[in-house]
Amino acid sequence: MTEIRDYVAPRSLADALRVLASGPATVLAGGTDLMPQSRAGRVRFAPTLLNVQGIDELRGVARDPGGVQIGALTTITSLLEDPLIRDRAPVLRTACDHFASSQIRNAATLGGNICNASPAGDTLVPLLVLGASVVLASAGPEGIVKRRLPLAEFLVGPGRTARRTDELLVAVQAPLPPAGWVDRYLKFGARPALDISAIALAVGGTLREGRLEDARIAFGAVAPTAIRASEAERVLSEGPLDRARIDRAVEAADATIRPISDVRASDWYRRELVHNLLRRVLNDVCDA
Amino acid sequence: MSAMLEIEFRLNGVVQRTAVAADMSALEMLRDVLGLTGTKYGCGEGECGACTITVDGRTVNSCLMFAVDCNGREVQTIEGLSATPLGERLNHSLVAHGAVQCGFCTPGFMMQAQQVLAEHPHASREEIQRGLEGNLCRCTGYRKIIDAVEAVAHPTASAE
Ligand SMILES: Cc1cc2nc3c(=O)[nH]c(=O)nc-3n(C[C@H](O)[C@H](O)[C@H](O)COP(=O)(O)OP(=O)(O)OC[C@H]3O[C@@H](n4cnc5c(N)ncnc54)[C@H](O)[C@@H]3O)c2cc1C
Ligand code: FES
Ligand code: FES
Numbered sequence: 001m002t003e004i005r006d007y008v009a010p011r012s013l014a015d016a017l018r019v020l021a022s023g024p025a026t027v028l029a030g031g032t033d034l035m036p037q038s039r040a041g042r043v044r045f046a047p048t049l050l051n052v053q054g055i056d057e058l059r060g061v062a063r064d065p066g067g068v069q070i071g072a073l074t075t076i077t078s079l080l081e082d083p084l085i086r087d088r089a090p091v092l093r094t095a096c097d098h099f100a101s102s103q104i105r106n107a108a109t110l111g112g113n114i115c116n117a118s119p120a121g122d123t124l125v126p127l128l129v130l131g132a133s134v135v136l137a138s139a140g141p142e143g144i145v146k147r148r149l150p151l152a153e154f155l156v157g158p159g160r161t162a163r164r165t166d167e168l169l170v171a172v173q174a175p176l177p178p179a180g181w182v183d184r185y186l187k188f189g190a191r192p193a194l195d196i197s198a199i200a201l202a203v204g205g206t207l208r209e210g211r212l213e214d215a216r217i218a219f220g221a222v223a224p225t226a227i228r229a230s231e232a233e234r235v236l237s238e239g240p241l242d243r244a245r246i247d248r249a250v251e252a253a254d255a256t257i258r259p260i261s262d263v264r265a266s267d268w269y270r271r272e273l274v275h276n277l278l279r280r281v282l283n284d285v286c287d288a
Numbered sequence: 001m002s003a004m005l006e007i008e009f010r011l012n013g014v015v016q017r018t019a020v021a022a023d024m025s026a027l028e029m030l031r032d033v034l035g036l037t038g039t040k041y042g043c044g045e046g047e048c049g050a051c052t053i054t055v056d057g058r059t060v061n062s063c064l065m066f067a068v069d070c071n072g073r074e075v076q077t078i079e080g081l082s083a084t085p086l087g088e089r090l091n092h093s094l095v096a097h098g099a100v101q102c103g104f105c106t107p108g109f110m111m112q113a114q115q116v117l118a119e120h121p122h123a124s125r126e127e128i129q130r131g132l133e134g135n136l137c138r139c140t141g142y143r144k145i146i147d148a149v150e151a152v153a154h155p156t157a158s159a160e
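Chains as they are written, first to last, in the numbering used here: chain G, 1 to 288; chain B, 1 to 160.
Read the hints as simulated data drawn from the structure, not as lab findings.
These numbers come from a predicted model, not from an experiment.
All C-beta atoms in this analysis are idealised placements derived from N, C-alpha and C, irrespective of residue type, glycine included.
Just to be clear, a hint being listed does not mean it is correct.
[Claimed, not checked] Far from chain G by the CB rule (all over 12 Å, computed), these chain B residues:
(1) Gln16
(2) Ala22
(3) Ala26
(4) Thr37
(5) Thr54
(6) Arg58
(7) Thr59
(8) Arg73
(9) Glu79
(10) Pro85
(11) His92
(12) Ala96
(13) Gln112
(14) Arg130
(15) Glu150
(16) Thr156
[To be verified] Covered by chain B, per the in silico footprint, the following chain G stretches (three or more residues, Cβ under 8 Å):
(17) 37–46
(18) 94–104
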């Protein structure tokens with residue numbers, strides 16, 4: 001473990017960004033990843049520990065012109081309890097309901113889940129299906145500079161993101177799905193609570209006259225990052241949702257994923273799970 | 001050694017000032033610095049719930065929380081809960097239902113039971129079971145613990 005020389009807990013975003021601009025700092029939110037990872041020696045602390053929990057403007061769910069904006073410090077529990085998420089983005093709510101334990105959901109933040117960039121991160125799969133972007137802020141010569149990046153581009157590899165060291169993830173922005181939207185989320189692990197997913201998947205789209213339009217499929221834990229299965233999405237968007245098309249979509253998804261073998265499941269088993277669960281979910285949407 | 005910080009927070013209703021290392025967990029602070037050993041160290045990884053405390057009214061695993069992050073907050077431990085009417089009822093119910101064997105998990109279960117009852121004052125068996133998912137017990141097989149919490153959630157039903 002490395003030593004922390006300085007600890008700062010600013011109350012405003014501008015102050016936090018000044019700290020990030022002035023030298024290497026480790027960002028602390030809920031700590032549910034940072035504490036065990038630093039103890040295990042998997043992450044080294046930068047000289048400054050920057051606790052962002054005091055920045056209230058980074059907390060909460062609000063409507064915005066593009067849909068919904070979720071502050072980076074919003075906890076998984078707050079997401080679970082939010083009426084807008086429940087009514088308009090149920091796929092995200094379902095994923096939060098499958099997230100760890102009550103104690104962890106109370107501490108874990110959305111921003112921490114995204115910046116930790118685990119291939120199995122539970123909020124990533126529904127956010128990919130919703131077409132979410134992340135909002136990153138940094139200190140510029142004339143004040144706060146913000147940039148937006150699609151979540152799929154932000155996730156670079158296991159534990160790796162496109163965040164620059166002087167940036168803070170401040171929010172997630174997602175369009176709210178249109179009328180007629182259907183979605184499904186499934187997480188598969190050995191036990192219901194506290195389990196890192198063996199695989200997770202989400203499907204979304206607008207059901208119109210037997211077609212799943214603007215179909216979206218995302219997977220967790222079957223590639224170096226959570227991913228969209230664009231080829232399978234294209235197959236689904238091309239015509240009526242029937243058994244033959246579902247078979248072709250499953251084949252296309254199989255070509256996209258790159259599962260590993262680890263303690264939770266073998267490569268072969270993960271592929272079997274993807275085949276069976278994707279087929280089950282699409283059949284379910286088809287019959288709806 | 002990491003930087004030492006002065007922090008101030010409310011602990012079981014009383015203002016507490018103390019110095020902690022920047023990389024210390026809230027669990028280490030409670031047990032090793034403040035001498036409150038009711039909160040247990042089971043796994044140190046968020047898996048067992050033995051270290052459950054309440055921060056600003058919500059339960060968290062104190063082994064995953066940085067002690068410095070307690071600054072300015074309202075913290076409750078099992079020592080605080082035990083002195084409340086709900087704490088006493090939970091305590092008696094656990095004993096009456098034979099839900100305590102070695103007792104190592106009991107403080108964590110009591111803290112989390114308080115959270116479940118705050119969310120669902122008349123929690124169903126299923127709600128209790130789900131709410132306690134983050135707490136492990138290697139002795140009782142859970143049924144008696146769930147029975148005990150259920151009896152507190154439905155006092156008249158179990159009095160029959
Ligand atoms: C027992 C256990 C079970 C778990 N179960 C699950 C599960 O079921 N599903 C799941 O997805 N995860 C799970 N996790 C992982 C973890 O709880 C989540 O990833 C959580 O969302 C992390 O959020 P946090 O606020 O605690 O992040 P922290 O630990 O504070 O931070 C995580 C990382 O992100 C960085 N960071 C945090 N916020 C920001 C920000 N705003 N800007 C820039 N960088 C930032 C930190 O520097 C750190 O590198 C589990 C963890 C444990 C210990
Ligand atoms: S000691 Fe904290 S969860 Fe086990
Ligand atoms: S009574 Fe021994 S661990 Fe629960």
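Verification of the hints:
With a closest Cβ-Cβ approach of about 17 Å to chain G, Gln16/B is found to remain outside the 12 Å limit, as its non-interface label requires. The beta carbon of Ala22/B sits about 4 Å from the closest Cβ of chain G, which is not more than 12 Å, so the claim that it is off the interface is violated. Non-interface call for Ala26/B relative to chain G: violated, since the shortest CB-CB distance, roughly 9 Å, does not exceed 12 Å. With a least CB separation of 19 Å from chain G, Thr37/B remains clear of the 12 Å interface cut-off, as annotated.
With a least CB separation of 9 Å from chain G, Thr54/B falls inside the 12 Å interface cut-off, contrary to its annotation. The Cβ of Arg58/B sits about 4 Å from the closest Cβ of chain G, inside the 12 Å cut-off, so the non-interface label is violated. At roughly 5 Å from the closest C-beta of chain G, the C-beta of Thr59/B falls inside 12 Å, breaking its exclusion from the interface. With 12 Å as the threshold on Cβ separation, the claim that Arg73/B sits away from chain G is violated: the shortest Cβ distance comes to roughly 9 Å.
Distance to chain G confirms Glu79/B as a non-interface residue, since its nearest Cβ pair spans about 18 Å, more than 12 Å. Interface exclusion of Pro85/B from chain G stands, the closest Cβ pair being 23 Å apart, more than 12 Å. Non-interface call for His92/B relative to chain G: holds, since the shortest CB-CB distance, roughly 24 Å, exceeds 12 Å. The Cβ of Ala96/B sits about 25 Å from the closest Cβ of chain G, beyond the 12 Å cut-off, so the non-interface label holds.
Its beta-carbon lying about 7 Å from the closest one in chain G, Gln112/B breaks the requirement of being farther than 12 Å from that chain. Annotated as non-interface, Arg130/B brings its C-beta within 12 Å of a C-beta of chain G; the closest such distance is 8 Å. With 12 Å as the threshold on Cβ separation, the claim that Glu150/B sits away from chain G holds: the shortest Cβ distance comes to roughly 17 Å. Against chain G, the non-interface label of Thr156/B holds: every CB pair exceeds 12 Å, the least being about 26 Å.
Counting residues of the stretch 37–46 of chain G whose CB falls under 8 Å from any CB of chain B gives 3; the rule of at least 3 is met. Coverage of a stretch by a chain is defined here by at least three residues with a beta carbon nearer than 8 Å to that chain's beta carbons; for the stretch 94–104 of chain G and chain B the count is 5, and the condition holds.
The structure does not agree with the numbered hints 2, 3, 5, 6, 7, 8, 13, 14 stated previously, though it agrees with the rest.
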